[in-house]
Amino acid sequence: MRVLIANRGEIAVRVIRACREMGLPTVAVYSDCDRAARHVMEADRAEHIGPDEAVRSYLNFSAILDAARRSDADAVHPGYGFLSENAAFARACVDAGLTFIGPAPGAIEMMGSKTEARRAAMRAGVPVVPGTEAALGLDTAEEELTAIAADIGYPLMVKAVAGGGGKGMRVVEDPGGLLGALRTARSEAGSAFGDTAVYLERLLPRPRHVEIQLLGDSHGTVIPFVERECSIQRRHQKVVEESPSLAVSPALRARMAAAAAAVARAVGYTNAGTIEFLLDEDGSFYFLEMNTRLQVEHPVTEMVTGVDLVQWQIRIARGERLDLEPEQALTPRGHAIECRLYAEDPDENFMPSPGLIRGLRPAGGPGVRDDGGVSAGYRVPVFYDSLIAKLVTWGNARDEAIARMGRALREYQVLGIRTTIPFFLWLMQEPDYLAGRYDTTYLDRILAGRQGPFVEVAEEDAALAALAAALDVYFRAAGAGGARAVNGPRPLWTQIGRREALRG
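In the numbering used here, each residue carries its 1-based index in the sequence shown increased by 44.
Treat each hint with caution, since some may be false.
Claimed, not checked - Listed next, with one range per pair, are the computed distances between beta-carbon atoms:
no., residue 1, residue 2, range
1, Arg227, Pro294, 39 to 47 Å
2, Gly450, Ala492, 41 to 49 Å
3, Leu223, Thr485, 22 to 30 Å
4, Ser106, Asp218, 44 to 52 Å
5, Glu325, Asp443, 23 to 31 Å
6, Arg494, Glu364, 46 to 54 Å
7, Ala492, Asp218, 15 to 23 Å
8, Leu478, Pro199, 27 to 35 Å
If you're looking for bench data, these hints aren't it; they were derived computationally from the structure. Each residue gets a CB set at the ideal place from its N, CA and C atoms; glycine is no exception.
Please take these sequences and the hints and turn them into a complete structure.
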């Protein structure tokens, strides 16, 4: 099986690694600005699919399918984002004779609509947050909308039927803000997902966001995994995830896992998926949505269970039976935490920070995993999500994983662009985070009242950055540049570290 990865960045690198361990050749795809990207360098073969804009490259069905034909690929792994939850793309792959490494198109279609997914959960006997059962189109009269909202009760959420990532979501505190929130959410959803449909859902005041990873094979077996806590969110976007959750007891874990498996069985789900729940302060949980793909935060589950989820995606797509022990999947070994490292400036309201990465030294050592998608010499573009890496740490207990994350964040060096590393260094010392006293509103609340930079830049760091830039120019002049330079020996300063280079 030759696998084409219809994605980019760190998830493409992650899939390439899994395939390499399985002895499977890989094909990367790339846009103009990704010609020298890390995933292109690491794949066995790379195919150009179009200009920088995602709609003309990574979202272009025909370009990706043409690349599959040119490279004699047998299968397509969609990663996450882009076309990963696009039923039409999954169907086009199947029609082209390719194995789609993901769920069946029908399951993607059904669970990709949040209102359809809510109905499926209700049929499976799983509780859902009170809200509308059907999508509210543009033709719904204002009087009807007002009456529906009043029946649900305030505060409430306006949510896009399609997509995710916090887009097309607005909180409405009272009737006066309803129509404006509907207009804004519809506009954002239309731009992000090509679908302006929305629905209304009661807002739980301070819930936790807890999700259950699962795998299902084509032989009827569904295995749920130990939960992930994803409550550390900024503007409805997850930024830190961990497993297990401090708020979930073994008994509650068993109930949530059973509910997740019931939803998956109700729709005949296969491959990797995630059932997301809201956990209320009183211990009640409610179905939120299903993600019909691999999750960004899948590494924390892998770290506490020892299961390679990507390899199992491939094995399930080949028709193999799940032979995992349910106890292994539901019994966490230690604790894992993931920080999403973005090319953003946390001191400037997390504004994107594209540009040339002049130097890169990932963290390492015991219990540290770096799922990176960039290399020194790569220019982070403005056209895509700004995630550059996921830093994951493991410990026998949560405090050990946190301490290890602090050490790894200080060790991680990215020069030339601003990143969210200083923000995470601050968060890993924040008292409420350390104590596990948080919910989905926690991060936005504490950031709203915070002032000043996250980390002061020392004079030595400024000098080291200048040295790194000078060395970068030197090695480029000496011929270390070029489209495939990232596969060759790294410049001296990236090998021995910034401080050692300064001393030498």
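Open item on the list: Just to be sure I understand the hint, the distance between the Cβ atoms of Arg227 and Pro294 should be within 39 to 47 Å; is that true here?
Closed with: Holds - the Cβ-Cβ distance for Arg227 and Pro294, about 45 Å, lies within 39 to 47 Å.
Open item on the list: Just to be sure I understand the hint, the distance between the Cβ atoms of Glu325 and Asp443 should be within 23 to 31 Å; is that true here?
Closed with: Given about 24 Å between the Cβ atoms, the range holds.
TODO: May I ask you to test the hint 22 to 30 Å on the CB atoms belonging to Leu223 and Thr485?
DONE: The hinted range 22 to 30 Å holds for Leu223 and Thr485, with Cβ atoms some 24 Å apart.
Open item on the list: Verify the CB-CB distance for Ala492 and Asp218 against the hinted window 15 to 23 Å.
Closed with: holds (20 Å)
Open item on the list: For the hint 46 to 54 Å, verify it against the beta carbon of Arg494 and that of Glu364.
Closed with: holds (49 Å)
Open item on the list: Taking 27 to 35 Å as the stated bounds, is the beta-carbon spacing between Leu478 and Pro199 within them?
Closed with: holds (29 Å)
Open item on the list: Against the range 41 to 49 Å, how does the distance between the Cβ atoms of Gly450 and Ala492 compare: consistent or not?
Closed with: Given about 24 Å between the Cβ atoms, the range is violated.
Open item on the list: Against the range 44 to 52 Å, how does the distance between the Cβ atoms of Ser106 and Asp218 compare: consistent or not?
Closed with: Because 47 Å falls inside the window, the suggested range holds.
Hint compliance for this structure: hint 2 alone is broken.
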